[in-house]
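Asker: Here are the chains, one letter per residue:
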Amino acid sequence: MPQEESRAGEEELRRRARDVLAAYPPEGTEDVEFLRARFDAGLAWVHFPEGLGGLGAPRSLQAVVDAEFTAAGAPDNDPRRIGIGLGMAAPTILRYGTPEQQRRFLRPLWTGEEVWCQLFSEPGAGSDLAGLRTRAVRDGETWVVDGQKVWTSSAHNARWAILIARTDAEVPKHQGITYFVCDMTDPGVEVRPLRQITGEAEFNEVFLTGVRIPDAHRLGAVGDGWRVAQATLMNERVAIGGTALPREGGMIASVAAAWRERPELRTPELHDRLLGLWVEAEVTRLGAERVRQQLAVGAPGPEGSGLKLAFARLNQRVSGFEVELLGEEGLRYGDWTMVRPEKVDFYGRDAGYRYLRAKGNSIEGGTSEILRNIVAERVLGLPAEPRTDKDVAWKDLPR
Amino acid sequence: MPQEESRAGEEELRRRARDVLAAYPPEGTEDVEFLRARFDAGLAWVHFPEGLGGLGAPRSLQAVVDAEFTAAGAPDNDPRRIGIGLGMAAPTILRYGTPEQQRRFLRPLWTGEEVWCQLFSEPGAGSDLAGLRTRAVRDGETWVVDGQKVWTSSAHNARWAILIARTDAEVPKHQGITYFVCDMTDPGVEVRPLRQITGEAEFNEVFLTGVRIPDAHRLGAVGDGWRVAQATLMNERVAIGGTALPREGGMIASVAAAWRERPELRTPELHDRLLGLWVEAEVTRLGAERVRQQLAVGAPGPEGSGLKLAFARLNQRVSGFEVELLGEEGLRYGDWTMVRPEKVDFYGRDAGYRYLRAKGNSIEGGTSEILRNIVAERVLGLPAEPRTDKDVAWKDLPR
Amino acid sequence: MNLLYSEVEDDLRAAVREVLADHCPPGAVLGRVEGGEPYDPALWRVLAADLGLAGLLVPEPLGGQGASAREVAVVLEELGGAVAPVPFLGSAVLATSALLGCDTEDAGVAGLLGRLAAGAETAALAVPLSTAPGSGFPAGVRADAAGRLSGTVTSVADASAAGVLVVPATGPGGPGLYEVAAADAEVAPFVSLDLTRPLADVRLEGAPGRLLPSGDAAAALDAALLTGAGLLASEQLGVAQWCLDETVRYLGQRHQFGRVVGGFQSLKHRLADLWLEVVSARAAARAAADALASAGTAAGVEVRVAQAYLSGVAVRAAEEGVQLHGGIGMTWEHPLHLYLKRAKADEIALGTPGRHRAALGDLVDLPAAGH
Amino acid sequence: MNLLYSEVEDDLRAAVREVLADHCPPGAVLGRVEGGEPYDPALWRVLAADLGLAGLLVPEPLGGQGASAREVAVVLEELGGAVAPVPFLGSAVLATSALLGCDTEDAGVAGLLGRLAAGAETAALAVPLSTAPGSGFPAGVRADAAGRLSGTVTSVADASAAGVLVVPATGPGGPGLYEVAAADAEVAPFVSLDLTRPLADVRLEGAPGRLLPSGDAAAALDAALLTGAGLLASEQLGVAQWCLDETVRYLGQRHQFGRVVGGFQSLKHRLADLWLEVVSARAAARAAADALASAGTAAGVEVRVAQAYLSGVAVRAAEEGVQLHGGIGMTWEHPLHLYLKRAKADEIALGTPGRHRAALGDLVDLPAAGH
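If you read the protein sequences in the order shown, they are chains A, B, C and D.
Going by the numbering used here, the first residue of the first sequence is number 738, and it counts up by one from there.
Going by the numbering used here, the first residue of the second sequence is number 738, and it counts up by one from there.
Going by the numbering used here, the first residue of the third sequence is number 8, and it counts up by one from there.
Going by the numbering used here, the first residue of the fourth sequence is number 8, and it counts up by one from there.
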């Protein structure tokens, strides 16, 4: 878009933001009331259509709006708390939802009045998500859902879930899946905390027993759920932040601090290994910074697809070293009590926690094995694995 | 076999050896004459049948005979020079050869009068040996062979070769192969040295152009060559020696010596890495020693199948470290001149040579990748790769 | 050097394995670790007293089995493979070895060894679990002329299961090993990374101790640590082997993409590499046990090699196990994490691999830079 | 810090690549390395003079291009990717950087730089190629009051292609850099591990030298070594990238077992891991070049990081290349071994990774044990 138009758009957006702030002064307005007003003014996500919290403006202008509200001390919608709604449910509803669904769901999703979660993964369908077993059987204008989902964050706080379930077992697995919005208050929904090796329960298991979903809460056509889910998962990618990572940020920081503060821990062997890890941390940081610079000039390369792999490996190596470096102190652990952490906190806890939690970095959100396949196939152009499961009815697959 | 019988066997063998020594005193006899006499006395390989250099005795008694001859200062048949004949051709001829073939080939093979080589591998058929392209077309009572073989040791000295070639391209690849004895003096056989990255040429390429092989030199049935070749390859496995490896033997020896003799090379980083490699060398040695002890008590385990993998990795890591340790000196190389070494000599040459030559350890005689497949499938019981090439006519395979 | 298992050792393994299968399936361990009593006293009774494992190292005249480090190693392989919550390492290996380095003619020493061997008493050696052999005599506890001990020892393995503490302390006559009733010490368990081997800080404030007669207490202590380090390798081997076996088993039955997951080549190759390491690890662990059995404190090279190698193998096996199990390996309900935590703690226990490599340099004449 | 390539840099790369494709395909390099003239003078003429690469670092007033380390890095990526047998590193990087650290107002210094920039002369810096920055001023050559140099310098890169040697020597006034005509020295090439970067021992027996005026010759030499080390990372990147690309290409077309070999998962994963390392390596090499361009000798951290990382990546890429090519990778006729030998020699060149890590510890306040 030409520079001139963009300037005009920015001015217009700033004016609208100031109008909202004038009508609903943050200091005298309930947060939710303010957020609703911001949504209704089209300033929630400016690239969404008018009437759905946006203005059809370029996505890049969102930063202008956010800056204006932040500067004025306006409340935000606590995006981390409602990340799945914002990042995954909303784009999918926008693309595949009916007008009724969009009107019903998007506003309270954005304001945070309704938290969303994602019911995709199952114990038997991890990397092979399309192999899922949760069944949805049609019963007139509703669907009856039975199955088990796992690794669901926010399920214990959620009002709604995006759900994929098998509606036809007679066709190949990718073709028999349908995508729904599931009411988490339905009596057939049972949420149990899923405890991890750290002791904490960041995630949940969700048991679905005779859950009734109205057909009006279906997203996309029957049997088209895999395609709809791809749209959801496209949005899962971790975004690269707008600012450069600092040198010696991340997990290497606490190891370096321990080294500097505790000379008694030092040995020649540990010194060389520490420096090797410091180098690995630095080159990984530089790799991420290079991706950020590529994006900033609008020339993204394939390098971004390797960042999750690189950081998972780095975090695991550094945290493993830290426990060993600490020696006797590394034999201690803070607390095994099962708690519900609001978020992963790599830095406020001990080395043992970091070590254990980082093990998940190469599993959650796509295992490192799957990511290596993706790099090999999409970046390097090597052939895909031979597939035997693409043309077989789901019910006939070995399991 | 009961202890008593075995004792009797030993005595009888010693007596026969003494008879040969008496009739052909080593000091006054041509080597070849002596060796022929030993063969004819059934003392070449005692487990072979009578008339073919053996006596049908237990294989374990060979050591008794060898010791007797060695003690008397008798000449041996230089087994390293004729290793392929002894280790691969002879057992195959014994198992699949006609009586005529056995009588013609085994005696001069054993005495060393005729050197053998193996024409199996091809440029396009390495790990997938059965994919070979060398064609043998029948023409009355002879076969006409065209193709190219590679990695053939001893080809430049050999009188005969064991050869596998494709005789039927219309059937799946394992079914269309036939096994021959090829006369290396045939005018259609051209042997060219194959130079390696060390500069040397241990091996050869062999070009076969209209080579005529009489059908009488076919081993096994037409189309049964793959099965015959399996018998050959079964005998390729490196045998574990009868005595324990010494601690700090192998490639670690020269690194350790350099460390001890040259204090100026030492740094804390290199020290820890050296000790790590010393430990790896020691545990690999202990692993081999454990296999040796298992064999000695007649209880072989699966561990032996990992030794080649372990030593390849060790040799490569140690030699790579040695070049780095030597620093400036590591930048030098002895000699790139193409020579024909009698054998691989890891110890008489410089670190750079060891580094380069050891790269072949994970390729020659089965790549480490193939060996990992074998361990995973045969030892750990994991499933084989999906195969798409087993039921397709060879001519229709992608290549 | 005999790197194989004897028939007697095979029988011993079978007996231990049977008891563990009955008393100590992984699920039961998992249920226990968070309770008030992480140790399983019933299991320990069967192992220590009924099978006589607590007295393996104790000579027969003193009431033990008169076995050697080789048999103890086999037991530790099995205990490691079950992450069994019993104080075998602390009592039957470390404390017992220290006592065997004292004057066993002394009635007190002999009596204590007899009670330990009979399973009537359990002891702990009061040193931090992270102590490497060759670290020198610890300075944290002092004994007065009346034999009263004061000081603190942190991170003592199996102390909370022990009735008796064997405490290295410096008294008026120099370094000594003292017998202290656990009841006279403040034994404060803390939250340990390794859920199945609880640690405790031990505080002594004028606790009555009995000096155990010994020719050289520092040497006795160091020999106990060397024995412990060498035998810990067999525990690590047991941990690694279980992780490998369980991962192969799991991947051999799990399907994804219509295929057995264990049939994917990259996983096959990783498991083959891990198997290869476990094979070397077994040889190294056997070498250490055999050398300890035949050469005692002259087994330094074998012990250092085994520790330097096994720590890494056990950690890698557990880490690969977690990764290759995928999500389920990250859950508390699957026992894999007990092995991961044991492996990681064992990496530190009785000396890190780096410390053992450094010590090896001196033993095999590969001196450090500047030396 | 700019980690990207500018358009000018992209154009430069394209120009160099075109010349190399014409003059220096891998087969031609292979044919040359065993001949009497390992260097390709025709290629060097085109690169040095026609493209002006020899003068990239030389300011325009002195007859050069006035470019920076960033552009030189791009050239080295391409030269590394072709294992091109030209004396660019020795002459246009090391010797030129040392001269730029001298007094460029001096007519002799300026004149020599001008001739180098024009491609009319080629120089070598007379230090062993293995010398790391921070090693201190070498003691092997002495200059007398008449400027006559005596002594030996071993393993000098590109000396046999040089008409002029820049020799660090200690004279009556202390350390200095001397210009010596190669004809006045005994330059004895020896058989090098790296076939495409010949080395020679240089012997000086009263060779006439001209002292090059400089404020601090030791600093000038060290800056040249630091520049060389930082830029060598880009050469290593070029080596690694070629090995990765060529291996992917080869495995993408070779069939075994009825399948494209590059479709076997274990190989795919190894290549993905290698790609990942090359991605990080590119960022690190760019960071070093950018830091040298903008901060000069204050680029220590970036240079050390790049060297510590890139050496390993280049060696691994070449080793994986050989292994994954199978038998053909072990043959002399395939050019892969030229890259393997270059990568291995580059690991030693201008400091091993371990030396760079140790130096980094001082720079980022992670002191060694006992400090």
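Among the hints, erroneous ones may be present.
Stated by the list, open to error - Restricting the straight-line Cα-Cα distance to at most 16 angstroms, the calculated cross-link-like pairs of lysine to aspartate or glutamate (EDC-like) are:
(1) 1132/A x 907/A
(2) 1045/B x 280/C
(3) 1080/B x 905/B
(4) 1132/B x 905/B
(5) 1045/A x 223/D
(6) 1080/A x 1101/A
Don't read these hints as lab results, they were simulated from the structure.
Asker: Can you list which hints this structure breaks, lowest number first?
Answerer: 3 and 5
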